[in-house]
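Asks: The chain contents come next:
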Amino acid sequence: MGPQRAVAAVSAITSVHTVRADYRASDGDLVERAREGEHGAFDALFDRHYGRVYGFAFRLTHSAADSEDIAQQAFVRAYGALSRIEDGQALLRWLYRVVVNLVRDRAKRQARKPWVSFWDLRPRPAEGGSAAEPPEFADPGLDPHGIALREARSRALDRAIARLPLDQREVIALHHLEGMEVREISALLGVPEGTVKSRLGRARQRLREDLAEWLDEETTS
Amino acid sequence: MKSTSAECAAVRERLSSLHSGWLEAAEREEVERHLARCPACARELGREQRLVEALGRLPAPEPAPAVWQRAAVRRAGRTFAWRAALAVGAAAGLLAVLARPGTPPPVATTASPPLDIAAARAHLAAGLADPWADPNRGVLLISARE
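Heads up: the sequence lines are chains W and Z, in that order. At position 105 of the first sequence (counting the first as 1) the number is 105 in this note's numbering, and the numbers step up by one without a gap. Take any residue in the second sequence, note its place counting from 1, add 1000, and you have its number in this note's numbering.
Chain W on its own, in the form it takes in the complex:
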C-alpha cells in the first residue's frame, strides 16, 4: 500500500463517522448501529428524543435548569449503557426511567421542592385557599382571546401538577402527558398496576379540588 492509498484509507475511516445517521431508522436499529461504533447513530437518537426527555423532566421538576441537566445526564448514561440496553426500541422508556431516578435522587438530596414558587406556597382550595389565578392571569379581560385564556389555564394546570407529590406527578406525566398505558407505567416504575391506578386517582382528585373553579368555568367558556 503506497502513501496515497494509506491516506485515502484514513480519510474513509474518519469520514464515515461524519455522515449523519438515517433519521428514518427505528430506535432499535439506531441503538444497534451506535453499539457498533457508528457515532452518528447516537446523535440521531439524541436529536429525536432530547426534546421529549427534557419535557418529561420539566413535568417532574418544573425547573428549566434542572430539566436541562437531568436530560443531559440521561443521555450520557444511555451512551455509557448502550451495550446493556436490551430493547433498543424501548430506548425512550429507558430514558424516562433514568429521568425518574435522577429526579427522585435530587428530591432526596434537596429534601424540598426547589421549583415551588411563592404562588405554590399559598393554601390549596381544599385547605381554605383560593383557586384564583395569580394577578397576571386573574382577569380574563387581560386575555380577551380564547388562545390566551387556554394558555393561562394550561399554566394553572401546570402549576397544579407541580404541587402534586412526586409519585403522583410521575404517573400523571407518564399517563396523561406521555400517553403511556397503566401496564407500561407499572413496568417502568416497578410497582403494581393497582398502585399506578390509585396514584392516578389521588392525583386527579387533588387536581379537581385545586382547579375546581376553572373546571366549572370550562362548561361556560
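Calculated directly from the structure, the hints in this document are not laboratory data. Remember, predicted model here, so these are calculated numbers, not experimental data. There is no bait here: all hints are sound.
Below, in silico cross-link-like pairs of lysine to any residue (SDA-like), each with a Cα-Cα straight-line distance of 25 Å or less: (1) W/LYS197 to Z/LEU1058; (2) W/LYS197 to Z/ALA1042; (3) W/LYS197 to Z/ALA1009; (4) W/LYS197 to Z/GLN1049; (5) W/LYS197 to Z/GLY1056; (6) W/LYS197 to Z/ARG1033; (7) W/LYS197 to Z/GLU1032; (8) W/LYS108 to W/THR195; (9) W/LYS197 to W/SER186; (10) W/LYS197 to Z/GLU1013; (11) W/LYS197 to Z/SER1005; (12) W/LYS197 to Z/GLU1029.
Here are some chain W residues pointing at chain Z (derived, C-beta under 8 Å): (13) ASP43; (14) LEU157; (15) LYS197; (16) GLN205; (17) ALA212; (18) ASP216.
Where is the CB? At the ideal position from N, CA and C, for every residue including glycine.
Dock chain Z against chain W, hints included.
Replies: What follows is chain Z alone, placed relative to chain W:
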C-alpha cells in the same frame, strides 16, 4: 336516601377509576347509584371529565432555543473528542504503514549551520562566566576541544 359526606368522600375517591373504566361491575353500579341522587358528586364527575380533557390538551414543554443550542454544543464537543481519537488512531496507522520494512521513513534534510570558529574563539577570549547560558555553547564546546 340522602347522601352523607362520608359516602360522598368515598365516591369522589373512585371517580377517576369510574371515568377510566377501572371499577368492577358491582362497584361501578354502586357509584352510579350514588351519582344519580347526589348533584354535588355528579358535578364532580363533570370536573373529572373536563380535567382529563385538559390534561390531554396540555402542550408538552419544549426546550427553549438556548437549551437546544447548549445541548448541540455539548454533543458537538463529544463528537469532536470521538473524531479526534479516531484521527489520532488513523494517523498512527498511517505511520505504521509508511514505516514498514522496505519503505524508508522520510528523513529531515535541514542542513546544520556552518561552524564559526572565529566567533567561538572571540567568545572564549571575552571570558564568559557561564558558557552554558550562551546560545552558541555548542560552538564554544567544539572550539574548546580544538
